[in-house]
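Asker: Take a look at the letters that make up each chain.
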Amino acid sequence: METEFTPIASAIGGGLIGASAVLLMLTLGRIMGATGILAGLLTPASRADFLWRAAVVAGMITGPVIYLGLTGGFPAVQVPISTPQMLIGGFIVGMGVTYGSGCTSGHGVCGMARLSPRSIAATLTFMFACGVTVYATRHLIGA
Amino acid sequence: MKRILTAYVIGAIFGLGISLSGMANPAKVLNFFDVAGTWDPSLAFVMGAALLVTFFGYRYVLGHNAGPILDKEFLVPTARDLDGKLLGGSALFGIGWGLSGFCPGGAIPALGTGQTDVILFVAAMIAGILAARMLMTFRRPPAPTQA
Numbered sequence: 001m002e003t004e005f006t007p008i009a010s011a012i013g014g015g016l017i018g019a020s021a022v023l024l025m026l027t028l029g030r031i032m033g034a035t036g037i038l039a040g041l042l043t044p045a046s047r048a049d050f051l052w053r054a055a056v057v058a059g060m061i062t063g064p065v066i067y068l069g070l071t072g073g074f075p076a077v078q079v080p081i082s083t084p085q086m087l088i089g090g091f092i093v094g095m096g097v098t099y100g101s102g103c104t105s106g107h108g109v110c111g112m113a114r115l116s117p118r119s120i121a122a123t124l125t126f127m128f129a130c131g132v133t134v135y136a137t138r139h140l141i142g143a
Numbered sequence: 001m002k003r004i005l006t007a008y009v010i011g012a013i014f015g016l017g018i019s020l021s022g023m024a025n026p027a028k029v030l031n032f033f034d035v036a037g038t039w040d041p042s043l044a045f046v047m048g049a050a051l052l053v054t055f056f057g058y059r060y061v062l063g064h065n066a067g068p069i070l071d072k073e074f075l076v077p078t079a080r081d082l083d084g085k086l087l088g089g090s091a092l093f094g095i096g097w098g099l100s101g102f103c104p105g106g107a108i109p110a111l112g113t114g115q116t117d118v119i120l121f122v123a124a125m126i127a128g129i130l131a132a133r134m135l136m137t138f139r140r141p142p143a144p145t146q147a
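Same order as they appear, the protein sequences are chains P and V. For the first sequence, the working numbering gives the first residue as 1, with consecutive numbering after it. For the second sequence, the working numbering gives the first residue as 1, with consecutive numbering after it.
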């Protein structure tokens with residue numbers, strides 16, 4: 001399935017992701033990591049801890065609705081894979097980000113921006129593993 | 001209340017950014033990694049812009065303030081050592097990302113579109129988080145038991 005090259009929309013989106021990370025640090029002093037925020041929501045340390053995490057997640061889910069208001073349509077969510085593959089992938093992502101203590105937002109954006117050696121190593125590792133997996137599923141298996 | 005409202009608005013900025021960027025679209029994410037096939041380099045622009053803003057923004061925020069506006073202190077990870085758990089977990093995450101096209105930060109905002117595939121992914125991901133936590137608990141060295 002081909003997708004259109006969208007450098008400007010993608011750069012604006014990336015800028016907003018960065019802005020949210022900076023604002024969260026400025027106001028609540030936290031890392032904008034989807035994994036960390038969600039994981040803490042599952043077992044919050046306190047009521048106040050639960051509330052800010054739930055509010056961030058609720059805000060995130062509002063994102064596509066704001067996009068709808070601005071553009072007149074929801075952002076595209078095209079799924080070129082089977083449901084079992086999606087479920088297996090989701091389970092593996094959940095395990096991986098828990099052992100790896102972060103994902104694309106936490107390590108890839110916030111940690112890399114802090115030049116954290118752990119985050120740089122984690123990001124290089126998951127980008128490489130993702131590339132190999134895409135190559136294997138698209139060009140080796142069933143090619 | 002100020003904290004909750006602030007957190008909500010920041011989450012919404014993130015979610016709008018993800019929506020605009022294409023990170024909520026598995027087809028686009030997978031195409032970024034498919035250099036040998038239907039390559040779409042857009043996500044390099046997402047990562048590049050996000051890193052640029054965060055790099056300079058963090059320098060300003062962490063360099064010019066003693067603490068955050070609405071909390072006591074900046075909670076920034078201090079660990080620096082690389083271990084098998086970090087690298088193995090990240091490799092596992094990369095495999096799951098390559099299979100599904102969703103990372104957590106892409107999938108949570110995508111829930112807002114109400115599509116079934118996203119809900120299934122997030123449910124499976126939460127199951128994976130809980131499973132990993134259980135495994136981590138089991139693999140801790142057992143406390144000495146009394147006979």
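Calculated from the structure, these hints are not laboratory results. Quantities reported herein were computed from a predicted structural model and do not represent experimental measurements. Every residue, glycine too, gets a C-beta built ideally from N, C-alpha and C. A couple of the hints might just be wrong.
As the list claims (entries may be wrong) - Facing chain V, according to a computed beta carbon distance under 8 Å, are these residues of chain P, among others:
hint, residue
1, 25
2, 45
3, 78
4, 112
Asker: Next step is simple, just say for each hint if it's right about the structure.
Answerer: Here is how each hint holds up against the structure:
1. For the restraint placing residue 25 of chain P at the interface with chain V, the shortest Cβ-Cβ distance is roughly 5 Å, inside the 8 Å limit, so the hint holds.
2. Interface hint status for residue 45 of chain P: violated, as the beta-carbon distance to the closest one in chain V is roughly 11 Å, over 8 Å.
3. Interface restraint check for residue 78 of chain P: the shortest CB-CB distance to chain V comes to about 4 Å, inside 8 Å, so the restraint holds.
4. Because the beta carbon of residue 112 of chain P sits about 6 Å from the nearest beta carbon in chain V, less than 8 Å, this interface hint is met.
The structure fails hint 2 only (numbered hints given earlier).
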